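Read off the chains here:
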Amino acid sequence: MTPVTLALVVLLAPLVSAALIALFLRRRGGLASAVSLAAALAVAVAGLALALGGDAYRFTASAVWLQLGTFSLSLGIKFDDLAALMLSVVGIVGVCVHVFSLGYMREDAAKARYFGGLSIFMFSMLGIVFADNLFMMFIFWELVGFSSWLLINHWHERAAPAAASKKAFIANRVGDFGFLLGIVMCYWANGTVNLDELAAGNNVYSTLIPLLLFCGAVGKSAQLPLQVWLPDAMEGPTPVSALIHAATMVAAGIYMLCRINVLMVPDALTVIMWTGVATALYAALCAIVQSDIKKVLAYSTLSQLGYMVAAFGLGSLEVAHGDHSHLVATGVGAAMFHLTTHAFFKALMFLGSGSVIHGCHHEQDIFKMGGLAKKMPVTFVTFTLGVAAIIGFPLLAGFFSKDAILYLAFAKNQVVFALLALTAVLTALYMVRLWKLTFLGTPRSDAAAHAHEGGLSLTAPLIVLAVLTVLGGYTGLYPNVFSGVFALIPIAHGADHTIVLLTSVGVMTLGAVVALALYAPAASDSLRQKSPGLFGALTALQFSFDHGYDYYVAKVQQRFALFLNFLEQIFLAGLIVRGLAGIVGLVGLGTRALHVGRVNVYVYWFLAGVVILWIYASEIF
Amino acid sequence: MMTASLNEYVIISALLFMIGFFGVLLRRNTLVVFMSLELMLIASTLALVAFSRFNSTMDGNIFVFFILTVAAAEVAVGLAIIVALYRRRRTVQLDELNSLKH
Chain A
1 MTPVTLALVV
11 LLAPLVSAAL
21 IALFLRRRGG
31 LASAVSLAAA
41 LAVAVAGLAL
51 ALGGDAYRFT
61 ASAVWLQLGT
71 FSLSLGIKFD
81 DLAALMLSVV
91 GIVGVCVHVF
101 SLGYMREDAA
111 KARYFGGLSI
121 FMFSMLGIVF
131 ADNLFMMFIF
141 WELVGFSSWL
151 LINHWHERAA
161 PAAASKKAFI
171 ANRVGDFGFL
181 LGIVMCYWAN
191 GTVNLDELAA
201 GNNVYSTLIP
211 LLLFCGAVGK
221 SAQLPLQVWL
231 PDAMEGPTPV
241 SALIHAATMV
251 AAGIYMLCRI
261 NVLMVPDALT
271 VIMWTGVATA
281 LYAALCAIVQ
291 SDIKKVLAYS
301 TLSQLGYMVA
311 AFGLGSLEVA
321 HGDHSHLVAT
331 GVGAAMFHLT
341 THAFFKALMF
351 LGSGSVIHGC
361 HHEQDIFKMG
371 GLAKKMPVTF
381 VTFTLGVAAI
391 IGFPLLAGFF
401 SKDAILYLAF
411 AKNQVVFALL
421 ALTAVLTALY
431 MVRLWKLTFL
441 GTPRSDAAAH
451 AHEGGLSLTA
461 PLIVLAVLTV
471 LGGYTGLYPN
481 VFSGVFALIP
491 IAHGADHTIV
501 LLTSVGVMTL
511 GAVVALALYA
521 PAASDSLRQK
531 SPGLFGALTA
541 LQFSFDHGYD
551 YYVAKVQQRF
561 ALFLNFLEQI
571 FLAGLIVRGL
581 AGIVGLVGLG
591 TRALHVGRVN
601 VYVYWFLAGV
611 VILWIYASEI
621 F
Chain B
622 MMTASLNEYV
632 IISALLFMIG
642 FFGVLLRRNT
652 LVVFMSLELM
662 LIASTLALVA
672 FSRFNSTMDG
682 NIFVFFILTV
692 AAAEVAVGLA
702 IIVALYRRRR
712 TVQLDELNSL
722 KH
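Protein sequence lines, in the order shown, are assigned to chains A and B.
Just so we're aligned: the first sequence equals residues 1 to 621 in my numbering.
Just so we're aligned: the second sequence equals residues 622 to 723 in my numbering.
This is chain B alone, in the form it adopts within the complex (with noise of 0.2 Å):
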């Protein structure tokens, strides 16, 4: 059986790093936007877990529960602001959202 190697997460990790970062510069609905930004934080878990593996310590596993449990509230939060934001404007895309410039 083939053992993926530190080498192929780290890559993995860094595709979907870069695919959540295009996702936000790049994405005009703010709700892909949040899912691109969620996206990058997941890429990074992965990257902590793999080194936490990899070298046999449970560093990276701790980080992992605290960027879990802060992007579980900050999802929470930024939904709620996205459904709120919905509800008054009736548009979620970015390129509406400039009243503070227009």
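Bound conformation, chain A alone (with noise of 0.2 Å):
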């Protein structure tokens, strides 16, 4: 097969599984899983054949899709290493989060709806992989969008999950609107939109297009100040928020920003740089105060997430005058590289706690667990993999996608040096935290002690990821097929790489020493008991900024539709419509007093009607 064939199959095989599914399996969901199942395998298969075949499956393709007189939209692929990489991370979760909610979702009533949400996911996911230009990738967008709201909202009978995935929905909103007028900018100001066009350089620079543009990031990768939504979007299934909430969706970002980077400019880059360390670190301060296994993971998710764009956002920070390109890529290639890395172990612990989820029945508080190390092994020795990549344990994935943008950041910017190596601590401190509470000790309670491993699709994806994790970081295993992205990934020397390295040691052992002292196995926060103030504190935080969103909307933004609204009843209403109105009844009301229903009174207007014509024809007026 070609490469645009093949490429074609990876991007097409999810749509057509969705669509099977949503015609003709919906009430058969053994069918409907094995469909959804056959398109995962499909794309892995067929997307790691594309990503593995090097320079001769590179390739850029495009049919024009709607021609407008002179603005013609088009349809494209491509397909880089930047594309291949990420098309390889999507595939090889995919496939992992399909067979595990085979386990997973078992029971589940609405299965062939569960499934045919994850292939219309993939399809939308691969087709951001794939666009060639920014107006597919806007469309793709949307799409992620809607299937992230529509898995959310999986469970929709109970409250929770409507409300987290309308939350969603509308704070992605948010962000897309910038996105889509950051695009139609770039269009006015570039006179394309084309990645390929856009590259060749010739663009007018401004810092307005890629903070607009950097909007559709901030709200998809979940970054202050829309971060609100993505705590909120673990109502829905497990390996949901293993996929789509961990691994692949809040990733395009990232990986959107990695491939407008031709567009950016020192200032916009600084913001963009702030933007996620404020992002990694506020997220890392409220995983402490959580208490659900799974909303300890999403603030995780966010603290790194903030780290990538952090790490996009350094790689340029000198670029004033000097040679554009070379080092806004450095940022690419440390963003990707722990895009990558990340994508195997969150999805790995997400999985890992949908596991423990499972085998606790459906007990997702870590102070109702303990003791869950020797009552399910396969997910203990995975997901303690899994924690120690994340907290950047040496040789572990985590280490090296970290160390590589700690020391792009301590390079540049020791500031930024100093708070991300404060949130590595705090990395270290909450998962170490979550990880000893679940699984070491003694069981708090009956689900816990009565725990078992799942089946053979649970524990599976877990040892495949796992695999991955411990793996994923060492740049020389990848196939010489992504040099494209990982040639770029910053690599210190001499004395930096000693400084780099003890540091990133000393900050994880730290965060982990304190929090093996401070944390007792115990149906309580230790951290509540010992200090109250902090812990609140932490918690107001946490909900600072639902509460600030909620003033706005309920106080701000509802008076001011109330003030519109009585002025649109006064004028609008009032005035115009029901003010012609008023006067087309008043002309009838005054007409109708002539119909009187005697015919010689007729003859008295007909006279009238005479002496008008005759008073007009005569010109007296």
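Derived by calculation from the structure, the hints in this document are not laboratory data.
Just so it is clear, the structure is predicted and the values come from calculations on it, not from any experiment.
By construction, the Cβ of each residue, glycine as well, lies at the ideal position given by its N, Cα and C atoms.
Among the hints, erroneous ones may be present.
Unchecked claim - A partial selection of chain A residues facing chain B, derived with a Cβ cut-off under 8 Å:
| no. | residue |
| --- | --- |
| 1 | Ser-62 |
| 2 | Arg-444 |
| 3 | His-595 |
| 4 | Gly-597 |
| 5 | Val-599 |
Claimed, not checked - The calculated label-pair distances, taken between Cβ atoms and stated as ranges, are:
| no. | chain 1 | residue 1 | chain 2 | residue 2 | range |
| --- | --- | --- | --- | --- | --- |
| 6 | B | Leu-652 | A | Gly-609 | 20 to 30 Å |
| 7 | B | Ala-694 | A | Leu-589 | 34 to 44 Å |
| 8 | A | Val-596 | B | Thr-712 | 38 to 48 Å |
As the list claims (entries may be wrong) - A short list of chain A residues far from chain B (calculated; beta carbon distances all over 12 Å):
| no. | residue |
| --- | --- |
| 9 | Ala-38 |
| 10 | Trp-274 |
| 11 | Lys-375 |
| 12 | Gln-529 |
| 13 | Phe-560 |
| 14 | Trp-614 |
| 15 | Ala-617 |
Using the supplied hints, reconstruct the complex from the two chains, each of which is provided in its own coordinate frame.
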């Protein structure tokens, strides 16, 4: 098969699966899951064949979709090393999540809808990966938003998932609006939104365009201040959280930034960097006080996404006059490297938490768990590897990618370096806390006491992802086909290397030791008992954005809407609409009086008409 | 022998027209109203004939021919309507022909 055919198979297989499920298999959950899994396998196999094919399989192709005068809108595929890497991540994690879902959603009543949703999500996500222009990316950007809404809302008969899905959708709309404005402005300024044509240079460089496009990433990758939807999105089924809200969709924002790096200017990158740093630190602080296993992971995802965004922003802080593309790409390398390793270990931990939740009969509170290490050995070992990877334990995936980012920060901006190191301390703290409370000690509830390991479909994906988590950090092990991205990863040398390495290991040890010492495997939060003030402050910090938005919507926006409604009632509805109707009504009232029902009287009107005509004709007036 | 001048013809014509006009305004019987209408037509033809005679042209006479022809057709239709009305409603009083209003 030619590369284009292969790419179309990758893109369309999930769409065909989603269509089949939606049209014919809505009541046939078993068949639907098989179709969906087959599509995911096809994506993984064909996608890896494409990605590993090397230069022969790198191409761009496009076809005109809409032609409006001189404006043409094309759908196309741009498949370079960046897309190949993203495609591999989506393919591998996608298959793992599909297999895991077979076990996790076995008893679900709406299994067909769930797997149909997974398929439509895979299709949308692959569309973003392949998109060769920003309009096409926007179309699929909206489609992943829709799939995310559908899957968060899977248990829609409960109030919380329904509300969470709405919140996710609305928060994303806010970001997407900026994204759309950015695309329109990019087209207006440069005359094209095709990525290749933009990459050719000759662009109009303004600070506003990249920042507007960044709004899309703020929404989709849940950066400050639109991060509020991601923790709530954990109401969805856990495999969905692993696929969409940890490994792929939320990473689409980072991917999009890497796609448009040719439009970046230093000021915009500074904003992006600080947004990422603020998100990383904020989310890490919030994660410390969570008691829901998935919420901890959600805030951890936020924090790591902040890391990636910061890495992207760091990549070109010194570009003002110099070598533009090279320095930007440094950020791309570090961000994409961390995106890849994070996708593996975060998907692993989410699926691990799914396994725990499944084993504990849908208990999600870590203070009611404990002692699961012996009862769920596979989950315990793989989850431990995931935790070790995210906190940067040496020689695991997260260690390398996080070091790349820390080195970049160290070389470019010491303040950012300090803040990211602090975030790393907190990361180690809350992850070890989660790990200790969940797996060590003794069971603190009946559910935990009777926990059991799930079937092969639950453990096999964990093992696959655990292997990738261990090996994912060694760029030498990757086939030499992602060099377009991995060649850009910054590598420290000499004294810098020593400092970054020592810092990295030091902050990890500090966080882990504090967590091990501080948290007793008890039914309540040790931090809350030892320092209620700090605990309260962190909880308040967590809710500060939600409260802020509540206040804004209820007090500001709603009142403004009432005011506008008042104006509308008076002027538009009252004067213009009803005013016109009133005039017509008055005329009708007057003329109705002429209709008296006696023929003789009409003769008078006739006479009056003649007189008026005569007056008019003789030009008296 | 005393010959009538144009003024007298026009005055008679105007008087006939006024009679017809007030007949239409004031009478309640459809038939009488109809006759009054005809009277107004005749009044105008009288004036036209007089003008034609005193101006020694044929213009007015030609008008009169047309008016008489149209009036004959109109009378035929109008009387037929009145007869049909009487058959249906058993009255030709205008005051009672108000079913569009009441």
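Quick rundown of the hints versus the structure:
no.: 1; hint: Ser-62; result: 71 Å, violated
no.: 2; hint: Arg-444; result: 90 Å, violated
no.: 3; hint: His-595; result: 6 Å, holds
no.: 4; hint: Gly-597; result: 3 Å, holds
no.: 5; hint: Val-599; result: 5 Å, holds
no.: 6; hint: B:Leu-652 <-> A:Gly-609: 20 to 30 Å; result: 26 Å, holds
no.: 7; hint: B:Ala-694 <-> A:Leu-589: 34 to 44 Å; result: 40 Å, holds
no.: 8; hint: A:Val-596 <-> B:Thr-712: 38 to 48 Å; result: 19 Å, violated
no.: 9; hint: Ala-38; result: 77 Å, holds
no.: 10; hint: Trp-274; result: 81 Å, holds
no.: 11; hint: Lys-375; result: 93 Å, holds
no.: 12; hint: Gln-529; result: 91 Å, holds
no.: 13; hint: Phe-560; result: 53 Å, holds
no.: 14; hint: Trp-614; result: 15 Å, holds
no.: 15; hint: Ala-617; result: 19 Å, holds
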